[in-house]
Amino acid sequence: MKRQENPWPDRVYKTLKAAGVRQVGYVPDAGHKRLIELCLADKALDAVVLSTEEEGIGLAAGAWLGGVRGALLMQSSGVGNCINALGMTRECRFPLLMLITMRGQFGEFNPWQVPMGQATPGVLSAMGVVVHEANAADEIAPTVDAAARLAFGSCQAVAVLIAQGVIGIKSFQEQASR
Amino acid sequence: MTIALRRRQVVEILLRKRKDLLVVAGLGSTAWDITAAGDSPLSFPLWGAMGNAAMIGLGLALAQPARRVLVVTGDGEMLMGLGSLATIGVQQPRNLSVVVIDNERYGETGMQATHTASGVDLAKVAHACGFGSSRQVREAAELGALRAAIHGAPGPHFAQVKVVAEKLPLVLPPREGGLLKTRFRRALLGAGADLA
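Residue numbers (my numbering), protein chains in the order written: chain R, 1 to 178; chain P, 1 to 196.
Chain R on its own, in the form it takes in the complex (with noise of 0.2 angstroms):
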């Protein structure tokens, strides 16, 4: 009963907040909408949603300017448009903490998301991105806990990959209804 009254997203927002994140950028996503709602409702939390991924790149990269820590949340769809503007990132060594739901990867049903989300890992790593896997539903808010330490403490890069089996998305129909 417990893990239920405590969710995933909700124990990765405490995380956030521990982590001292302040500015978080979005592309909605079916998984990420917890998560979203949870920062949308605290207003010391600057939540921007975005007209595409590339856009929080450069969001978060002000945002180190002006000394505030920024997170990133997206679908693996958005990753293919982040490539060019995390080139700025690893030249300038931004810190980046980027949470990702996966599609294309475990019992997708539309095709259309397999390209990008098993490319998704590779493109990441080729851009210096460092790559997290969490792959249980009880393995995310450390994960990010860990990501967010290498973010901030030592100026890198980082992707959560939050995997497919456990947001658990298995038809247009299930997608549509939540």
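It is worth saying that the hints were derived from the structure and are not from the lab.
None of these values were measured; they are calculated from a predicted model.
Check the hints yourself; a few may be wrong.
Said to hold, decoys possible - Here are some chain P residues pointing at chain R (derived, C-beta under 7 angstroms):
#, residue
1, 55
2, 59
3, 184
We treat Cβ as the ideally placed atom computed from N, Cα and C, and that holds for glycine.
Put chain P on the given structure of chain R with help from the hints.
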């Protein structure tokens, strides 16, 4: 309508006595323009990440609500990140201004025409995205009011400044990204920034 404004003079006027103003410049000509006006550690000139200048400005403006933030960028750079105008319009940062130095050309690649050469009106786009203060500037007499808005009036502000398409001597800022980041944070946040 003839275009008479010269980009270097426009940027020099907007940045004159800039004091605490935080400046982000898009890659290429606008990075050279702000450097020609006088390099500063509180300037962050981009050498890449085309399309992202306005978003860096937004992140900075939200992080530093007590400071004025100016993004100076080109028409080609702005066109690549047009969605960021909508994103900024939603946030309504009162301390952020975005000024597009519009020569209707891709200046670094052979002066090819951008969309603005065919009449795309960025000031109207910004207005439609929620910039209550959005203007197209063609006359030197309008620059004083624009400068005053950037430095003091509640924003967000947007301006599309039509300038002569011209090739000018390069005035280059430092290139290394890590240096540009660190000097900016030290100047803004103090030496403690290195330990944050």
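Now the hints, each set against the structure:
{"no.": "1", "hint": "55", "in the structure": "holds, 3 angstroms"}
{"no.": "2", "hint": "59", "in the structure": "holds, 2 angstroms"}
{"no.": "3", "hint": "184", "in the structure": "holds, 5 angstroms"}
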